[in-house]
Amino acid sequence: MNIEFDFGAVLAEWPLLLRGVAWTVGLTAVGTVLGMAVGTFCAWARSGGPRWLRLIVGTYVELIRNTPFIVQLFFIFFGLPAAGVKLSPEVASVIAMVMNLGAYSTEIIRAGIEATPKGQIEAAVSLALSKAQVFLRVVLPPALKKVWPAMVSQIVIVMLGSAVCGQISTEELSYAANLIQSRNFRAFEAFIVATLIYLALSVALRRLLDWAGPKFFFGR
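For the sequence shown, my numbering begins at 1494 and goes up steadily by one.
Note that these hints are calculated values from the structure, not bench results. Treat the hints loosely; a few may be bogus.
Stated by the list, open to error - List of simulated lysine-lysine pairs, DSS-like, C-alpha gap at most 30 Å: (1) K1624 with K1639; (2) K1639 with K1579; (3) K1639 with K1611; (4) K1638 with K1624; (5) K1624 with K1708; (6) K1708 with K1639; (7) K1638 with K1611; (8) K1611 with K1624; (9) K1638 with K1708.
A quick note: this is a predicted structure, and the numbers were derived from the prediction, not measured.
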């Protein structure tokens, strides 16, 4: 049995692959920024917010962390229209990624916050800093430094999870690979190429975040 591979038929569709990469990178960028913002707020709420807010945030975190991402995505895209909320595939994908990363980053950041020495916080309070200043300038930077490797891994996982968004016709990389194989029936080659691109994106993203963390978030 002779099997002939033709990667040229897949690479000839490079504009489609490039568009898929661009959508994957864009979804990841927006999802990361907004997801970390949600996670930071929720981590503060779970650590020192009012009881009613801790209850709401705790419910959100447990709900997201204990259900599959694809179910969350389908609920947003297919379920919400029943309640009169119709979203485009791209907007639904972003919302699902932000919700997912927000829930996981909440617990990651909260672990860093709880590892902050109490004396450090008391010293900041003694300098007449407001609660917001204490959290943003004294508590959050060292907390992020402690948990940054875990945060980077979670962001990479969310980027890889964006492949599911092709199921609702978001034109990211896996959608492009599936469309290519439907045109030329080169499924093996199409998904091997997509796999290698995802691998390259993961390595590049991890290195970018390893560089950006110390530079922008918590210093060296």
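Quick rundown of the hints versus the structure:
For the proposed pair K1624 and K1639, the alpha carbon gap of about 21 Å is at most 30 Å, so the pair holds. With a C-alpha separation of about 40 Å, the suggested pairing of K1639 with K1579 is violated against the 30 Å cut-off. For a cut-off of 30 Å, the pair hint linking K1639 to K1611 stands: about 16 Å separates their Cα positions. At most 30 Å may separate the alpha-carbon atoms for a hinted pair to count; K1638 and K1624 meet this at roughly 20 Å.
Of the supplied pair hints, the one linking K1624 and K1708 holds, its CA atoms being roughly 25 Å apart against a limit of 30 Å. This hinted pair checks out: K1708 and K1639 have alpha carbons roughly 15 Å apart, not beyond 30 Å. For a cut-off of 30 Å, the pair hint linking K1638 to K1611 stands: about 17 Å separates their Cα positions. At most 30 Å may separate the alpha-carbon atoms for a hinted pair to count; K1611 and K1624 meet this at roughly 14 Å.
For a cut-off of 30 Å, the pair hint linking K1638 to K1708 stands: about 11 Å separates their Cα positions.
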